[in-house]
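Residue numbers (the numbering used here), protein chains in the order written: chain A, 52 to 178; chain B, 266 to 755.
In short, the hints are calculated from the structure, not lab data.
All of these numbers come straight from a predicted model, not from anything done at the bench.
Idealized CB from N, CA, C, for every residue including glycine.
There are no misleading hints in this set.
Partial pick of chain B residues on the chain A-facing surface, computed with a CB cut under 7 Å:
1) V337
2) V344
3) L491
4) L532
5) T543
6) W669
7) M744
8) H748
Which chain B residues stay away from chain A? Per the calculated CB distances, all over 10 Å, these:
9) S307
10) R380
11) G388
12) P477
13) L628
14) L683
15) A706
16) W716
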Amino acid sequence: MPPPEPPERTRIVLSEIPRDDSAAPAGGPGVEDVLIRGLVRAQLALALRLAAVVLAGLGSLPLLFSLAPKFGEVEIAGFRLPWVLLGVLAYPFLIGVGVAFVRLADRNEHDFTALQRRELPAQREKA
Amino acid sequence: MTNPYVLPAIGAVTLATLAIGAYGLRLARTTSDFLVASRVISPTWNAAAIGGEYLSAASFLGVAGLILRNGVDMLWYPVGFAAGYLALLLFVAAPLRRSGAFTLPDFCELRLGSRRLRKLATGFVVFIGFLYLVPQLQGAGLTLSTLTGAPEWVGSALVGGVVTANVAFGGMRAITFVQAFQYWLKLTALALPAILLLMHWRSVGHPGVVAPLEWLLPSEGGHRGLFSTYSLMLATFLGTMGLPHVLVRFYTNPDGAAARRTTLVVLGLVGTFYLFPTLYGVLGRIWTPELIEGRSDAVVLLLPGRALGDGPLGQLLGALVAAGAFAAFLSTASGLLTAVAGVLATDVLRRDSVRGFRIAAVLGGGVPLALALHVTGLNTSQVVGLAFAVAASSFCPLLILGTWWRGLTDLGAAAGILAGGGAAAGSVLVTVFGPPLTGAAGELIAEPAAWTVPLAFAVMVTVSLATSRRVPMDVGQIMFRLHAPDALRS
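Make a model of the complete structure from these sequences and hints.
Right under this line is the structure:
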């Protein structure tokens, strides 16, 4: 039995997508819909992953202080650990997560744009 | 003891605000200029303006007062106020800008195509806006009366009047310049005295802080249990994105990627600012112990003079923090009023003109001023915390689900906002006007976010699934608009 034919690839060209929303066919998902799903999923996964980092880093602290009170009595340079963590270190931590997100989200979009651009000339030749 | 520099300092801030507003007014010509500053504002200006608008009386005075009184548990307030910008960055900054929505009601109509949902959102914007404006105006009254002995209504009326005039005549362009200026003023006014206080503390042999253990150590389920802490975290982390004056700012970014960068800069600016209120709260234990059980909100205002004495240095620094406090009231109130006036003009008065905006500004400024003068006994930080809880239980689920989930319907969104936001708003009204509550019920009502936010999400998802036939036909195109990279757009 011969291997099944691979499904025919459809190329989607963004410049052909109607700019005016009202001109797009109503009912059923549009072409752009199919295109964008992958990007949306990637960006949401990125946001959720980084939110989980914050949850683990900051969200765990009240529970930790409550379950292991000794942890709150540790001193760093004469200051209690909870004061150092919440009063100072929380901010660079949040900013670090933010920097990582902006870089990775920009990269996701850049990759997506590059992919579309690469496919554009091939589509023109065919036409 | 009155400080001769306080009145000139407050006067200078107020005049500078009006002058910069007037400078902006010369530049604002058309309705579009007026409302969205024509989207030509650079990310740095924009970020400073967002920071300036965000750091309110609660941040400038309230946080230090709470730390002075209640200790380490209160550090979650500033951490949460800053973390809110990270949540905003992760989940909504770029899509929101790309959506083209200028206000929360705009986002509702654009995403779900429902006029009725738009009206509901308008109601919540006005409720949150008023809830947030009243403590700003009352903080102004408290500051002026603490420092000069003037009756409390004078400060409230002064700030209410200046802000209403400035918003009505300057519009958004003026406000952006004003707000950016206010951020740097607030940071200087808090940081410079804090650094000098720290140097003074070292020079007098760094006296130890005398405080009970429950102040020094995180609570283990004492007067402020884990439930309250997590509830506060949820409200502040998720509430920021739903504040009306925050969303309006995103439209002035040129594109989605710029919106992300702006939000990151804001996170840095706001995080830097929040390093300082802790110092006032801690040092206040040494030099202003009488405020612990008294008006702890005044610690930032009184500490420099108390620690450094009545010499010119102490008085000048006292005048500087007073100026910073006024910058906080003026800028936050201006941002809130711009947002509230924007929705009032388009959705209630139905007049999309400069004149309509001006009428709306006068209305939007007058009501909270009347409330501020007649309702007393509100605690600044508590009321602001409640505004965050209402925003987190209404607009946060709408924005997150609207941005990432195709299955959201107009009925689902409305039901979720009514259930979660309604429950949170009800808790606010009980807290503000009702009898004092104790025990578990008191905790649930005082810090409602831990149950109202999950409630809003659950109702929104359930009702949307049950009414899935109402998913907008054009949801695919909307998703494209929200998420397509800027380079692929026309």
